[in-house]
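Asker: So the chains spell out like this:
There are 2 protein chains.
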Amino acid sequence: MSKFENVTVVKKANMYFDGKVTSRTIEFANGDVKTLGIMMPGEYRFGTDKKEIMEILAGQVEVLLPGEDLWHKIGGGDSFEVPANSAFDIKVLDVTDYCCSYLG
Amino acid sequence: MSKFENVTVVKKANMYFDGKVTSRTIEFANGDVKTLGIMMPGEYRFGTDKKEIMEILAGQVEVLLPGEDLWHKIGGGDSFEVPANSAFDIKVLDVTDYCCSYLG
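Keeping their order, the protein sequence lines are chains A and B.
185 is the number of the first residue of the first sequence in the numbering used here; add one for each residue after it.
185 is the number of the first residue of the second sequence in the numbering used here; add one for each residue after it.
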């Protein structure tokens with residue numbers, strides 16, 4: 185699916201890490217929420233409230249998921265899941281375009 | 185208006201200047217198109233096809249409009265217009281969140 189139809193977009197961007205990570209909140213008619221975001225190269229740590237599915241649309245990252253020791257290399261077209269109420273570390277190797285879905 | 189309702193969002197970001205400028209395309213039911221974007225600090229030159237209204241949602245820029253010699257300082261809440269088929273120079277002083285409307 186290359187477009188989200190019949191959605192609501194919050195105009196102002198969400199900004200993190202001095203604007204190195206930014207996103208737009210997309211609200212769906214069924215109550216689902218996703219964010220479409222950009223991560224500039226760098227290393228970040230994100231906490232989660234809900235379970236998240238991070239879909240990498242373009243770019244290249246390495247991710248250390250909670251409770252794991254090995255970094256996963258993830259590129260455009262791949263995704264990863266992060267449990268609710270946890271955190272993950274991410275190394276952004278190239279400017280990365282992502283879509284984050286919040287579940288539950 | 186803080187949200188755009190009943191719109192279509194193109195999932196993949198538009199990327200310019202090695203990702204220092206990125207945006208999402210928002211399509212409205214009446215055929216209007218806007219982009220919601222982020223500009224990282226730097227100096228850029230953009231060409232226009234249609235007339236554009238650039239609304240600065242947050243951040244700080246200086247703009248040199250076509251045919252002018254003076255740079256305009258523009259911050260969050262302000263906007264500027266650029267004629268169709270022209271170009272403008274922009275100095276982004278802080279990470280800047282913008283909404284661009286394409287007219288005509």
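For the record, the hints were derived by calculation from the structure and aren't laboratory data.
Predicted model only: the values in this text are computed from it and were never measured.
There's no promise every hint is true.
[Stated by the list, open to error] When the alpha-carbon atoms are kept at most 27 Å apart in a straight line, the in silico BS3-like pairs for lysine-lysine are as follows: (1) B:K257 / A:K204; (2) B:K234 / A:K275; (3) B:K204 / B:K234.
[Stated by the list, open to error] Using C-beta positions, here's what the derived DEER-type ranges look like: (4) B:G260 / A:D253: 40 to 46 Å; (5) A:L277 / B:Y200: 33 to 39 Å; (6) A:F201 / B:D262: 37 to 43 Å; (7) A:D202 / B:E189: 29 to 35 Å; (8) A:F264 / B:F264: 23 to 29 Å.
[Stated by the list, open to error] Short derived list, chain A residues pointing at chain B, Cβ under 10 Å: (9) V194; (10) K195; (11) A197; (12) D202; (13) R208; (14) E211; (15) N214; (16) G215; (17) D216; (18) V217; (19) E227; (20) Y228; (21) T232; (22) L248; (23) P267; (24) S270.
For glycine and all other residues, C-beta sits at the position ideal for the given N, C-alpha and C.
Asker: Each hint: holds or not?
Answerer: Each hint tested on the structure:
no., hint, verdict
1, B:K257 / A:K204, "23 Å, holds"
2, B:K234 / A:K275, "38 Å, violated"
3, B:K204 / B:K234, "23 Å, holds"
4, B:G260 / A:D253: 40 to 46 Å, "43 Å, holds"
5, A:L277 / B:Y200: 33 to 39 Å, "20 Å, violated"
6, A:F201 / B:D262: 37 to 43 Å, "26 Å, violated"
7, A:D202 / B:E189: 29 to 35 Å, "30 Å, holds"
8, A:F264 / B:F264: 23 to 29 Å, "40 Å, violated"
9, V194, "5 Å, holds"
10, K195, "5 Å, holds"
11, A197, "4 Å, holds"
12, D202, "7 Å, holds"
13, R208, "6 Å, holds"
14, E211, "8 Å, holds"
15, N214, "14 Å, violated"
16, G215, "15 Å, violated"
17, D216, "13 Å, violated"
18, V217, "13 Å, violated"
19, E227, "17 Å, violated"
20, Y228, "15 Å, violated"
21, T232, "21 Å, violated"
22, L248, "23 Å, violated"
23, P267, "24 Å, violated"
24, S270, "26 Å, violated"
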